[in-house]
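Student: First to last, the sequence lines map onto chains A and B. Okay, so the first sequence: first residue is 3 according to this note's numbering, each after it adds one. Okay, so the second sequence: first residue is 7 according to this note's numbering, each after it adds one.
Note that these hints are calculated values from the structure, not bench results. There's no promise every hint is true.
Claimed, not checked - Beyond 10 Å from chain A on every Cβ pair, some chain B residues (computed):
| hint | residue |
| --- | --- |
| 1 | Leu17 |
| 2 | Arg21 |
| 3 | Ser33 |
| 4 | Thr37 |
| 5 | Gly64 |
| 6 | Pro76 |
| 7 | Glu81 |
| 8 | Asp105 |
| 9 | Leu109 |
| 10 | Thr118 |
To be verified - If you want the footprint, here are the derived chain B segments under chain A, 3+ residues with CB under 8 Å:
| hint | stretch |
| --- | --- |
| 11 | 48-54 |
| 12 | 82-94 |
A virtual CB, placed ideally from N, CA and C, is assigned to each residue, including glycine.
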Amino acid sequence: AQTVTQSQPEMSVQEAETVTLSCTYDTSESDYYLFWYKQPPSRQMILVIRQEAYKQQNATENRFSVNFQKAAKSFSLKISDSQLGDAAMYFCAYRIQGGSEKLVFGKGTKLTVNP
Amino acid sequence: DAGVTQSPTHLIKTRGQQVTLRCSPKSGHDTVSWYQQALGQGPQFIFQYYEEEERQRGNFPDRFSGHQFPNYSSELNVNALLLGDSALYLCASSRRPIDNSPLHFGNGTRLTVT
Numbered sequence: 003a004q005t006v007t008q009s010q011p012e013m014s015v016q017e018a019e020t021v022t023l024s025c026t027y028d029t030s031e032s033d034y035y036l037f038w039y040k041q042p043p044s045r046q047m048i049l050v051i052r053q054e055a056y057k058q059q060n061a062t063e064n065r066f067s068v069n070f071q072k073a074a075k076s077f078s079l080k081i082s083d084s085q086l087g088d089a090a091m092y093f094c095a096y097r098i099q100g101g102s103e104k105l106v107f108g109k110g111t112k113l114t115v116n117p
Numbered sequence: 007d008a009g010v011t012q013s014p015t016h017l018i019k020t021r022g023q024q025v026t027l028r029c030s031p032k033s034g035h036d037t038v039s040w041y042q043q044a045l046g047q048g049p050q051f052i053f054q055y056y057e058e059e060e061r062q063r064g065n066f067p068d069r070f071s072g073h074q075f076p077n078y079s080s081e082l083n084v085n086a087l088l089l090g091d092s093a094l095y096l097c098a099s100s101r102r103p104i105d106n107s108p109l110h111f112g113n114g115t116r117l118t119v120t
């Protein structure tokens with residue numbers, strides 16, 4: 003069974019600085035997707051970034067980038083120039099490629115941004 | 007463009023009762039999935055509906071059932087509620103083929119079972 007592990011229950015960062023959130027996963031599949039979702043107090047899950055496993059190049063979205071290490075099954079999220087609005091729960095998630103809707107989530111990391 | 011909408015926002019039920027939660031997908035989306043998020047946990051996949059049929063199911067008992075209507079909206083029903091069913095229930099929608107379609111989530115329904 004696929005599992006996703008986030009080993010940092012809480013992280014904090016100073017505004018304008020950089021923070022990295024860790025995620026590891028376990029799967030026997032070779033084709034899959036990895037995601038980072040943000041969940042603010044409004045409760046809505048918002049997609050931050052997505053990585054296809056077959057792509058060696060790390061995905062980037064503005065201030066957000068990932069370090070995808072397929073062999074190590076590691077998928078960390080780096081947030082640069084942190085802003086107060088980045089404060090939220092961050093969830094790492096996995097989905098097999100090929101029509102399955104099922105996302106497997108980690109337990110999340112609570113990010114606090116200090117002014 | 008309305009996103010995924012869920013109703014009600016909050017709900018309080020008594021153990022043993024039945025509950026129905028509702029979800030309208032984002033415009034243009036035809037696939038709906040439901041997730042249960044217990045306090046302090048990540049969401050867990052309950053099931054997925056497409057073309058009015060349950061296509062995939064997570065590790066949830068038969069007390070959890072669903073339905074998808076011709077307009078793609080969906081309901082989640084939970085029978086014989088247990089205290090452990092207290093959670094945030096999230097609905098997500100997408101459009102086939104889903105590999106190229108990002109998943110959009112609603113704001114969830116907070117269910118409290120007393």
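Student: Give a verdict on every hint.
Tutor: Structure-based check of each hint:
1. Leu17: Per Cβ check, Leu17 (chain B) is outside 10 Å of chain A; nearest 14 Å; holds.
2. Arg21: 24 Å, holds
3. Ser33: 17 Å, holds
4. Thr37: Its Cβ does come within 10 Å of chain A, the nearest being 6 Å, so this is violated.
5. Gly64: Given a closest Cβ separation of 7 Å, the condition is violated.
6. Pro76: For Pro76 (chain B), whose nearest Cβ neighbour in chain A is about 20 Å away, the distance exceeds 10 Å, so it holds.
7. Glu81: The claim stands: Glu81 (chain B) keeps its Cβ more than 10 Å from every Cβ of chain A (closest is about 17 Å).
8. Asp105: For Asp105 (chain B), whose nearest Cβ neighbour in chain A is about 6 Å away, the distance does not exceed 10 Å, so it is violated.
9. Leu109: Check fails; 7 Å does not lie beyond 10 Å.
10. Thr118: 14 Å, holds
11. 48-54: Per the Cβ count (5), the hint holds.
12. 82-94: Not satisfied, violated; 1 residues make the cut.
The structure does not agree with the numbered hints 4, 5, 8, 9, 12 stated previously, though it agrees with the rest.
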